[in-house]
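Colleague: Residue numbers (the numbering used here), protein chains in the order written: chain A, 1 to 332; chain B, 333 to 657.
Calculated from the structure, these hints are not laboratory results. Bear in mind the structure is a predicted one, so any value in this text is a computation, not a measurement. Fair warning: there could be bad hints in the mix.
[Claimed, not checked] What the simulated footprint calls covered on chain A by chain B, stretch by stretch (three residues with Cβ under 8 Å from a Cβ of chain B suffice, anywhere in the stretch; the number is not a length):
#1 257-268
#2 286-299
#3 307-317
All C-beta atoms in this analysis are idealised placements derived from N, C-alpha and C, irrespective of residue type, glycine included.
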Amino acid sequence: MVNEAMTVSEPRGAARLKKLYAYYRGALVPFLIAIILIIAGEFVSSGFASPNHVLILLKTASLLGVLVLAQSIVIIAGGEGIDLSVGAIASICAVMAAVVMQGEDAKLLIAVPLVIAVGFFLGLINGIGIAVFSVPPLIMTLGMSSVINGLVIIYSKGFIIRGSASKLLQTIGSGQSLFGIPNMLFVWLVIIVVALFVLGRTKSGITLYGVGANELTAELNGVHAKRVRALAYAFSGAISALAGVFLLGYNGLPFMEMGSPYVLPSVAAAVIGGISLAGGAGNYLGAVGGSVLLTTLTALLVTMRMGEGGKQVVFGLVLIILLAIYGRRTER
Amino acid sequence: MDIFNQLKKISRKPEFPSVIILITVIALNAALQKNFFAINVINVNLLTFTPLILISIGQAVIILGGGLDLSVGTQVSLINVIMAVLMKDAGDNQAAVIPGFLAAMIAALGMGFVNGFTAGYLNLPPMIATFATSAIWYGLALLILPSPGGAIPTWLVKGFSWKYSLISMPLIIIVAAYLVWIFVRRRPLGRYIYAVGSNETAAYANGVNTRRVKLYSYMLGSFFVMLGGFAITFQAASGDARLGLSYTLTSIAAVVVGGIALKGGSGNVIGAVFGAIILNMVINLIYFANIPSEFQEFTKGAIIILALALAVVYRRRESKSLALS
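Full structure from sequences and hints, please.
Modeller: This is the structure we're talking about:
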């Protein structure tokens, strides 16, 4: 909250900046820690902080980042919101997109809207189960991910899936252009801007926060809370589908459960980014920072040639420390 | 009239829907598997069900106290790996397995302590804190045993599958574990676990040391998880850091199917036992109904969702009729 008297006495622009700063202040911490990690990485192995490597880090983070948006929306919507099916939806949509486009650019325009619709539909099933049948989100989305991964297994019968990303999609997912900046970063930037605008400036975004912060007050203000929550899961599904398309572009070929490794990191990145698991608080910019931070940490541990065991231990410890510093529950 | 009232009372218990589902699954299993009620088959089934039953009891205790443990799977892994490495050369020497058991117990209580500390004293959201600790346990397990190996003395493995008619070692362990919970349930700690789980602020206001209760609930949960870890280890007879991974989410599903609210404070641990048996039997069903193996994952998920939606709808109707009466 900005003090009334202060806003009056100060010029409009500065007050506005101050307000923006107050709003996004929480988002700065993960970025700062990520920068510290990058500098630390330079000491471990020279070239870690080189512009090229940082761009590679950001490109890797962007794939996680899109899924984190899907995750953030349902967490913000409250009601113990969480979506453990983002990875499964991304996987099945990547498979579908690959099968439909078969490496042809011309079919990209059919494949993308199709899988986004499928993702929306799958997310809507989550939303209906959660909002209408009151199934706990954790279990509902977990069961869904089992069902969805099961569908992929049924389709492929355990064999390799035939299909691949088109040239254009591969260029978007793993190519680079202007000054060697990966194309995926431009895509991510657009997604970030749109997400921040929709979540922070539009009526739908504010309604989402309202329902997450206090369902009862939202209802009293004439908001259909259950519908909002169900739609949150549907949009989460649609964004997960989009993430699946990018994953396909990044890898070139689809494979089973390609989205699964991103599920729990997506929750962690959101929380590290200041999105409260209680709902109704935090913003996507923080979650973007969380994605960059987690990706950098993983890369740093790989660079240190730590075995899988040591990597897991350090990852867990750092996560606990970060949470202890600024991820505490504040509602009690 | 009295019997009718009794029945009504029973039907209002939170684990009642799970009992109905359990009876249905047993009936389906019996129809598909010819000698389902043969003593041998019952014993074999129980043997394979034991790990999930014990781990679900642990998860249930933690969830009842208002927590959640996403690290139970990797706790099982770490316990398994510690035992397999320390008991590798024990052979027939019975005293040589003691260090293995002791180390496993210390590890289990230590893991429960760390989880409980992050939830109770650091006040971190349990879902994300135990996700972080699960990475630590998994990492430690990998450090101890990077690739599957180690061994458990044969006499221990045989001892675990000991049976006399319907009385078998797994059954004894499950009953003992449940009695431990009943013992705790009847003491102040048991009441406090329910109190903290249903309303932490109110419990605190009534002078309950909520932090300590949380700590104890995680440690008690880890104790049951450890028993589950023993059960898996004696069946696998070797060590593998990936052995426990699938149990985390299945145990949560078992708890919820058993009528225990994820919010905490409501439900009975016996429901988790029913839930674990149901989930195991569903997997059996898929196998015996000759459903192609690629349908397993799909069917498992679909059945979990359906069972939950039914249980929730049932509970909601019940609470409405309670409110009216």
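Colleague: Now tell me if each hint is right for this structure.
Modeller: Right, here's what the structure says about each hint:
Residues of the stretch 257-268 of chain A lying with their CB closer than 8 Å to a CB of chain B number 3, which satisfies the three-residue condition for coverage. Counting residues of the stretch 286-299 of chain A whose C-beta lies closer than 8 Å to any C-beta of chain B gives 0; at least three are required, and the coverage claim is violated. With 11 residues having a beta carbon nearer than 8 Å to a beta carbon of chain B, the stretch 307-317 of chain A meets the requirement of three or more and the stated coverage holds.
Going through the hint list in order, the structure does not satisfy hint 2, though it satisfies all others.
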